[in-house]
Amino acid sequence: MSDLRILAIEAQTLADNPIFCAILQEIEESACVLFKNAHSDMVQISAAHEKIRAVQIIRDALTARIDAANFADHIKGQ
Numbered sequence: 001m002s003d004l005r006i007l008a009i010e011a012q013t014l015a016d017n018p019i020f021c022a023i024l025q026e027i028e029e030s031a032c033v034l035f036k037n038a039h040s041d042m043v044q045i046s047a048a049h050e051k052i053r054a055v056q057i058i059r060d061a062l063t064a065r066i067d068a069a070n071f072a073d074h075i076k077g078q
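Everything in the sequence shown is counted per my numbering, starting at 1 for the first residue and increasing by one.
The reader is advised that the hints may include incorrect statements.
[Unchecked claim] Per label pair, the in silico range of CB-to-CB distance:
no. : residue 1 : residue 2 : range
1   : 7         : 28        : 21 to 31 Å
2   : 25        : 5         : 21 to 31 Å
3   : 35        : 76        : 36 to 46 Å
Since the hints were derived computationally from the structure, they do not count as laboratory data.
Given the structure is predicted, the values throughout are model-derived calculations rather than measurements.
Just so it is clear, CB atoms sit at the ideal spot from N, CA and C, and this is done for glycine as well.
Take the sequences, apply the hints, and build the full model.
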């Protein structure tokens, strides 16, 4: 099994883990509360935005590993 496939399996395992997904969801939801709060200042809103971006970066990294392995497999199959 290639290193790329191993990374993809690890990424898929995390992406499918309900506890991991729940933690990411909690981070996003807590940030959204700050966006909706009329009393949040710009520092709080900026921090909330950074949290949401960080969660998306994690999700994108997982997807990139999975997609890279799938693409490599597709290329090998041609």
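Results for each hint:
For residue 7 and residue 28, the hinted distance range of 21 to 31 Å is satisfied, since their beta carbons lie about 25 Å from each other. Between residue 25 and residue 5, the C-beta spacing of about 28 Å keeps the proposed range 21 to 31 Å intact. At roughly 45 Å, the beta-carbon separation of residue 35 and residue 76 lies within the given 36 to 46 Å, and the hint holds.
Hint compliance for this structure: no hint is broken.
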